[in-house]
Amino acid sequence: MTKPPRSHALTLDCIVGGGQTLGTLDDGRKAFVWGGLPGERVIIRETKRKSRYVEGIVTDILHASSERIAPRDPASYLSTSPWQIMTFAAEQHYKAALIEEAFELHDIVLPNSIDVFSDHIEYGYRNKVEFSWYGDSGPHGETLDLAFFQRGGRGKIVVDSCSLLADPIMQLARTIRDLLRRKSVTARSLKTLLIRCDQKGNCVWQLYVKDRDFCAIDNHTASSLGAQGGEIIYSDPRSPASRITERLAAYGNPVLNDTVLGVPFHYATEGFFQVNIPVYEQALKDMRHFVSGEYELQNMHHAGQGTTQPDAPGPLRGSDDETASTRAASDNRQSSGYSAFPAEVGQGEWQLAVRPHTRGLMGEDGGEAETPARAASEQPSHPEGSAFPAERGQEDGNWRPRVPEGGDGREEGRGNEADPSRAASDNHDTDEHSAFPASVGQDKLVVGDRPYTRGLMGGGGGEAETPARAASDNNSKVLDLYAGVGSIGLTIGGDNCTLIEIDENAVREMKRNIAQLNSNANAILAPAEHATDFITSDATIIVDPPRAGLHTGIVARLLQQRPPRIIYLSCNPVTQARDIASLAPAYGIRHHRGYNFFPRTPHIEHLVVLEKRPS
Numbered sequence: 001m002t003k004p005p006r007s008h009a010l011t012l013d014c015i016v017g018g019g020q021t022l023g024t025l026d027d028g029r030k031a032f033v034w035g036g037l038p039g040e041r042v043i044i045r046e047t048k049r050k051s052r053y054v055e056g057i058v059t060d061i062l063h064a065s066s067e068r069i070a071p072r073d074p075a076s077y078l079s080t081s082p083w084q085i086m087t088f089a090a091e092q093h094y095k096a097a098l099i100e101e102a103f104e105l106h107d108i109v110l111p112n113s114i115d116v117f118s119d120h121i122e123y124g125y126r127n128k129v130e131f132s133w134y135g136d137s138g139p140h141g142e143t144l145d146l147a148f149f150q151r152g153g154r155g156k157i158v159v160d161s162c163s164l165l166a167d168p169i170m171q172l173a174r175t176i177r178d179l180l181r182r183k184s185v186t187a188r189s190l191k192t193l194l195i196r197c198d199q200k201g202n203c204v205w206q207l208y209v210k211d212r213d214f215c216a217i218d219n220h221t222a223s224s225l226g227a228q229g230g231e232i233i234y235s236d237p238r239s240p241a242s243r244i245t246e247r248l249a250a251y252g253n254p255v256l257n258d259t260v261l262g263v264p265f266h267y268a269t270e271g272f273f274q275v276n277i278p279v280y281e282q283a284l285k286d287m288r289h290f291v292s293g294e295y296e297l298q299n300m301h302h303a304g305q306g307t308t309q310p311d312a313p314g315p316l317r318g319s320d321d322e323t324a325s326t327r328a329a330s331d332n333r334q335s336s337g338y339s340a341f342p343a344e345v346g347q348g349e350w351q352l353a354v355r356p357h358t359r360g361l362m363g364e365d366g367g368e369a370e371t372p373a374r375a376a377s378e379q380p381s382h383p384e385g386s387a388f389p390a391e392r393g394q395e396d397g398n399w400r401p402r403v404p405e406g407g408d409g410r411e412e413g414r415g416n417e418a419d420p421s422r423a424a425s426d427n428h429d430t431d432e433h434s435a436f437p438a439s440v441g442q443d444k445l446v447v448g449d450r451p452y453t454r455g456l457m458g459g460g461g462g463e464a465e466t467p468a469r470a471a472s473d474n475n476s477k478v479l480d481l482y483a484g485v486g487s488i489g490l491t492i493g494g495d496n497c498t499l500i501e502i503d504e505n506a507v508r509e510m511k512r513n514i515a516q517l518n519s520n521a522n523a524i525l526a527p528a529e530h531a532t533d534f535i536t537s538d539a540t541i542i543v544d545p546p547r548a549g550l551h552t553g554i555v556a557r558l559l560q561q562r563p564p565r566i567i568y569l570s571c572n573p574v575t576q577a578r579d580i581a582s583l584a585p586a587y588g589i590r591h592h593r594g595y596n597f598f599p600r601t602p603h604i605e606h607l608v609v610l611e612k613r614p615s
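Using the working numbering, the first residue of the sequence shown is number 1, and each one after it goes up by one.
Calculated from the structure, these hints are not laboratory results. Bear in mind that the values here come from a model prediction, so they are computed numbers and not experimental data. Built from N, CA and C at the ideal position, the CB exists for glycine as well. A couple of the hints might just be wrong.
[Stated by the list, open to error] Here are the simulated SDA-like cross-link-like pairs (lysine to any residue), alpha carbons at most 20 Å apart as the crow flies: (1) Lys48 with Thr59; (2) Lys511 with Asn522; (3) Lys285 with Leu261; (4) Lys3 with Thr59; (5) Lys210 with Ala249; (6) Lys156 with Ser132; (7) Lys156 with Asp145; (8) Lys210 with Ala241; (9) Lys48 with Gln150; (10) Lys285 with Gly494; (11) Lys511 with His266; (12) Lys48 with Ser7; (13) Lys50 with Gly28; (14) Lys48 with Gly153; (15) Lys183 with Leu248.
[To be verified] Simulated restraints, written as ranges between beta carbons of each label pair: (16) Leu179 with Ala556: 45 to 55 Å; (17) Asp60 with Gly155: 12 to 22 Å; (18) Ser537 with Pro240: 39 to 49 Å; (19) Ser137 with Asn253: 35 to 45 Å.
Model the full structure from these sequences, guided by the hints.
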């Protein structure tokens, strides 16, 4: 007989990087909770139980947060976008704070207040989805429905709509479902349905099936779906993953066309391409300033979105008289309502401008208390069952810095990677292999907002030539690592750009894009870590790695060659911060900015521009 699930009442304390909220049970175990917000008193249903923590889902709210709103997709939001339950201002607030905490985890304090760009389109922005299928016995035979996997469990949730998706995608999904129902296709014979659309609303689809003899769709029925193209894909049923074993049939044109900053691109249905193109274009515009040499940050200033400094890259040290916490709190109090430090959040408990950095990390007697980073080895695995597979590693995140209600990410100390197998090694990197050990206070990385002019300013204070400016005076070399189909390098990299990509299909599309653009760019099929010879001292380097961050061989080559500028776009601020800590002996932070590519989800994108420090 199956035991009924356990329930617990608890108060939730803070957000962790994977998107869950953290609380403590009466017996002292930590609880990682979906569907709750900091400050709420809730009842949760346990979904996973370990010796030192549990995972759960909120079933009842005893005391609601003022940040709580009703989700648009009440039945399925936990599977697709678990942050539908908070106001958008709260989402921006927590994402900014999580970026800062991710860098604090690696002893780096970012020089300016955290700006998370958003176009404020919260729904309907996704241009790609992968549905599962659900079947059940009914009075007229077996039913067939579109479904998402249940987050944190093994079940499925039947869906007929999803507010994150562009309308043409959901319409096509229902049309395909209805066609398969009429053909009496069962869920047992299907794996998934992948649909994506371009910015004009043209859709393509791939139906992954378990039977090589699948014949429910022919040319006539495919043409009735109203899609630009589609494919039937046989996927080996011995694997639960929807991988292409054999392409059984193709209808119409399954290759989409889109433009990014006016540059046309081709990409396959299953290929990598950005999910939220308008926000991605803003990131590219920001990056372009630093590729072209137009790096004066006042040209990039957006009214009401924080301050920027056009000075030289800041030193990676703090000072005893002005802490980074003080500067960050002060800057954010003056910034927009999406600041990581809203001025109204204090409630008499926190002195934001003077709060000790060690609050929550040391016991009252000054003894060492358990930090979230130390507790990471007992944290759960990364959130399960997201309905939207990670775009090139942009998963629900396996990093867990903690952010209390209204906090800045420091109040509960530092979190770490959610995967226990990675936590120990990542902490080892932080404590022993960092160029700036956290145990030495004077070596704490502080990329200050004060001018750092040594070697960059003439004796009279006039501006001297920086390595980055020298590199941009001519048609300088650009190297784009982890290039995908070339959507970064081919839009902002110029005509002397080399693009490295591991995926054969992406490189095929990249070469097609290069030919269409009549560009001299060079596409290389290789893992980035096997192409380090392309990293040279005279090239601007662009990296957009998967969640795991940069390979150690790439970091070593960058330190050896010391190119003038590194433009680092990341889907995981924790591994980005780790890599930047490793590069700190040679580089300072020129610019940083966050991007909300995936509203209503915990996903965060973060850009850091590094410039070589004077020798």
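Hint consistency between Lys48 and Ser7 [alpha-carbon to alpha-carbon, up to 20 Å]:
Answer holds: Lys48 to Ser7 is near 12 Å, not above 20 Å.
Restraint check for Lys156 with Ser132, where alpha carbons must lie at most 20 Å apart:
8 Å, holds
Would you say the C-beta atoms of Leu179 and Ala556 sit inside 45 to 55 Å of each other?
54 Å, holds
Given the hint that Lys511 pairs with His266, does the C-alpha gap stay at or below 20 Å?
10 Å, holds
20 Å Cα cutoff - pair Lys156, Asp145:
The given pair, whose Cα atoms are some 10 Å apart, holds under the 20 Å limit.
20 Å limit on alpha-carbon distance, applied to hinted pair Lys210 and Ala249
14 Å, holds
Need the status of pair Lys50, Gly28: alpha-carbon distance at most 20 Å?
Satisfied, since the Cα-Cα distance of roughly 12 Å is no more than 20 Å.
Tell me if the straight-line CA distance from Lys285 to Gly494 falls inside 20 Å.
14 Å, holds
Run the distance test for Lys48 versus Gln150: straight-line Cα separation, threshold 20 Å.
14 Å, holds
Given the range 12 to 22 Å, decide if the beta-carbon distance of Asp60 to Gly155 lies inside it.
20 Å, holds
The hint says 35 to 45 Å between Ser137 and Asn253; measuring C-beta to C-beta, is that right?
Holds - the Cβ-Cβ distance for Ser137 and Asn253, about 39 Å, lies within 35 to 45 Å.
Just to be careful, I want the Cα atoms of Lys48 and Thr59 compared with a cutoff of 20 Å; is the pair within it?
Roughly 15 Å separates the two Cα atoms, so the pair holds.
Figure legend: structure checked against the earlier numbered hints; every hint is met.
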